[in-house]
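Participant: Generate the whole structure from the sequences, applying the supplied hints.
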Amino acid sequence: MHRKRSLAGNILLAGVLIILLFWVLFPFYWAFLNSIKKPADTFQSSWIPFLQFQPTLEHWRNELAIPEIRRALWNSTVISVGAATLASVLGTLAAYALARFHFHKPQNGTLTTWFLSQRVLPPVVVVIPFFLLMRQLHLLDSVVALILLNATFTLPFPVIILSQMIRDLPLELEEAAWVDGASRFQSFLQIVIPLILPGLVATWIIAMAFSWNEFLFALSLTTKKAIPMPVIIAGAEHTRGVQFWFVGVRVLMTMLPPLFLALLAQRWIIRGLTLGAVKG
Amino acid sequence: MAQAPVRSTVSPKTSQRKLEDRTKAIFILPAVFWILAFTVFPLLYALYTSFFSFRFGQINQFVGLQNFARLFTDGNLHSDLRITLIFVASTVAVEMILGFALALLLNQEMRGRNVLRAIMTLPLFATPVAIGYLGITIYLETNGPINTFIRALGGQGIPWLSHPTWALVAIIIIDIWQWTPFVFLVSLAGLQSLPQDLYEAAEVDGGAGWQLFRYITLPLMAPVLWLILLLRLVEAFKVFDIPTSLTLGGPGRATEVYSLYTYRTALRFFDHGYAAAQGFLLLFIVMLIVTLLYGRIRELYQEEG
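Protein sequence lines correspond, in order, to chains A and B.
The opening residue of the first sequence carries number 4 in the working numbering; numbering runs sequentially from there.
The opening residue of the second sequence carries number 124 in the working numbering; numbering runs sequentially from there.
By construction, these hints were calculated from the structure, which means they are not laboratory data.
The model shown is predicted, which means the values in this text are computed figures rather than measured ones.
Backbone N, C-alpha and C fix where the C-beta goes; we use that ideal spot for every residue, glycine too.
Some clues are possibly wrong.
Claimed, not checked - Cut-off 35 Å, straight-line C-alpha distance, at most; resulting in silico cross-link-like pairs (DSBU-like, lysine-lysine):
| # | chain 1 | residue 1 | chain 2 | residue 2 |
| --- | --- | --- | --- | --- |
| 1 | A | Lys-227 | B | Lys-147 |
| 2 | A | Lys-282 | A | Lys-41 |
| 3 | A | Lys-108 | A | Lys-282 |
| 4 | A | Lys-41 | A | Lys-228 |
| 5 | B | Lys-147 | A | Lys-282 |
| 6 | B | Lys-141 | A | Lys-228 |
What the hints assert, rightly or not - Reference listing, derived: stretches of chain A covered by chain B, where coverage requires no fewer than 3 residues with Cβ under 8 Å from a Cβ of chain B:
| # | region |
| --- | --- |
| 7 | 165-173 |
| 8 | 211-223 |
| 9 | 263-273 |
Facilitator: Next up, the structure:
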């Protein structure tokens with residue numbers, strides 16, 4: 004809307020913006036602050052490092068030296084990269100099929116709904132079968148199990164988003180290649196993939212962030228060696244009590260990778276989270 | 124496949140077709156197989172287990188519909204369902220209103236809108252368990268920042284995590300923090316795609332302020348808003364992470380949400396059969412919401428053309 008704002012309007016807008024930024028950013032700043040405070044300083048309300056208190060990196064060093072934490076960070080990385088990659092490969096193929104082929108039974112629309120339903124299904128419904136299945140396959144407490152499950156639940160992102168992108172590409176580009184003797188696979192790999200690469204990277208990132216943050220399956224299917232960061236965090240309070248500096252470090256270690264990735268995928272997030280229904 | 128002899132001479136066209144069919148299969152089958160293996164099969168297996176009683180995590184005996192009958196008599200389940208409904212209703216209502224209001228307010232030309240959008244996406248990707256865990260320190264009754272602030276203003280500290288009602292409020296606030304940005308971002312995207320010429324025409328006709336909102340913005344935004352509502356409701360019913368890390372369902376069972384109860388039934392008490400029945404009740408509730416709202420959304424999108 005192009006109307007000029009009044010002075011009062013400007014002040015209102017500025018006020019809302021300040022409250023909004025404070026509300027959104029406070030928890031992050033609070034975690035950061037505690038992660039660099041000496042234990043004694045956490046009992047004081049001091050907000051500015053160097054001026055009000057002397058910051059320290061001691062807690063970061065201590066926590067990163069703990070073998071369980073290192074292993075959990077490594078597990079989280081393997082699980083989320085593995086799941087996102089698997090979901091992207093399966094999802095891109097399916098996206099191409101949904102965009103370029105006509106299926107009769109089941110029809111394209113039905114297939115799409117199938118993929119969408121993954122994100123509607125409450126995970127707690129299938130956690131027991133997964134538990135029993137993984138026990139049968141001797142995959143309890145393994146990163147493989149979590150890769151498989153996270154790939155399943157993030158599969159809708161690439162399927163839905165990329166099939167829309169591919170539909171928007173002119174078919175002529177591929178047809179020209181076929182005339183020159185290229186096969187479907189060649190035109191898919193050499194023409195379609197490069198053109199949808201930004202979307203592919205973005206959906207990979209969204210899938211990775213979701214897998215990193217996933218908690219229920221991780222909690223149910225790991226006991227020791229495959230434990231990822233979210234599970235480490237959930238158990239910490241009961242063994243160590245509430246120590247602000249540990250909470251700060253661990254919370255940030257867990258949150259920073261997905262947050263950083265989300266900033267990279269910015270432009271695609273709305274489309275991702277509404278399953279393609281709204282272009283952001 | 125046996126074919127009639129007349130057709131046995133393969134014309135170039137049918138061989139082309141066969142090749143095409145095989146190509147189609149190679150593209151779509153991996154994902155379809157994946158879903159069959161990791162969604163349909165587990166669901167069927169859950170259905171199967173829901174007819175059995177379990178002992179020490181092993182199938183014990185066939186009990187027919189008994190596990191489903193327990194759903195109607197289990198007082199704990201009912202109180203947890205009530206807690207979950209309160210959680211869903213209050214978080215989704217506040218998030219919808221707050222998020223849409225913010226989007227309306229910030230849908231204006233301004234410097235730094237992209238930066239603002241970037242900042243607003245952060246809560247959506249903050250690990251929920253981590254935020255719950257961080258919440259323990261923020262809500263701490265003795266020297267957490269909120270109570271310190273309230274006391275500085277001369278008020279009394281709030282028993283955030285030790286009082287049944289306040290503990291639920293604490294969880295609701297965190298959920299609002301995490302998901303209001305979603306409503307805001309999607310509404311903003313919706314508002315920005317509205318046709319500007321409609322507003323110009325209406326202004327020429329003397330429409331202003333509230334009228335523009337009531338007769339143009341709201342009807343045009345209806346499909347997007349219903350869609351956001353659907354997605355938020357479905358997501359909210361699945362809540363598990365934040366209560367588990369912030370309160371572990373406590374104090375007592377005051378914040379034990381549905382999924383947490385089912386999780387405990389399955390993996391703490393190894394009552395897999397009953398847990399499966401609970402799972403199906405939740406699935407039924409979610410599917411009911413999807414069916415009811417999805418029809419409405421399709422209608423609205425079609426009206427819009």
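Participant: The structure should be examined with respect to each hint, and the outcome stated for every one.
Facilitator: Status of the hints after comparison with the structure:
1. Lys-227(A) / Lys-147(B): Outside the cut-off at roughly 42 Å; violated.
2. Lys-282(A) / Lys-41(A): 46 Å, violated
3. Lys-108(A) / Lys-282(A): Roughly 29 Å separates the two Cα atoms, so the pair holds.
4. Lys-41(A) / Lys-228(A): Given pair Lys-41(A), Lys-228(A) holds - Cα atoms ~31 Å apart, limit 35 Å.
5. Lys-147(B) / Lys-282(A): 28 Å, holds
6. Lys-141(B) / Lys-228(A): Status violated; Cα separation ~48 Å.
7. 165-173: Our answer is that it is violated, as 0 residues pass the Cβ test (under 8 Å) against chain B, missing three.
8. 211-223: holds (count 7)
9. 263-273: holds (count 6)
Violation of the numbered hints given earlier is confined to hints 1, 2, 6, 7; the remaining hints are satisfied by the structure.
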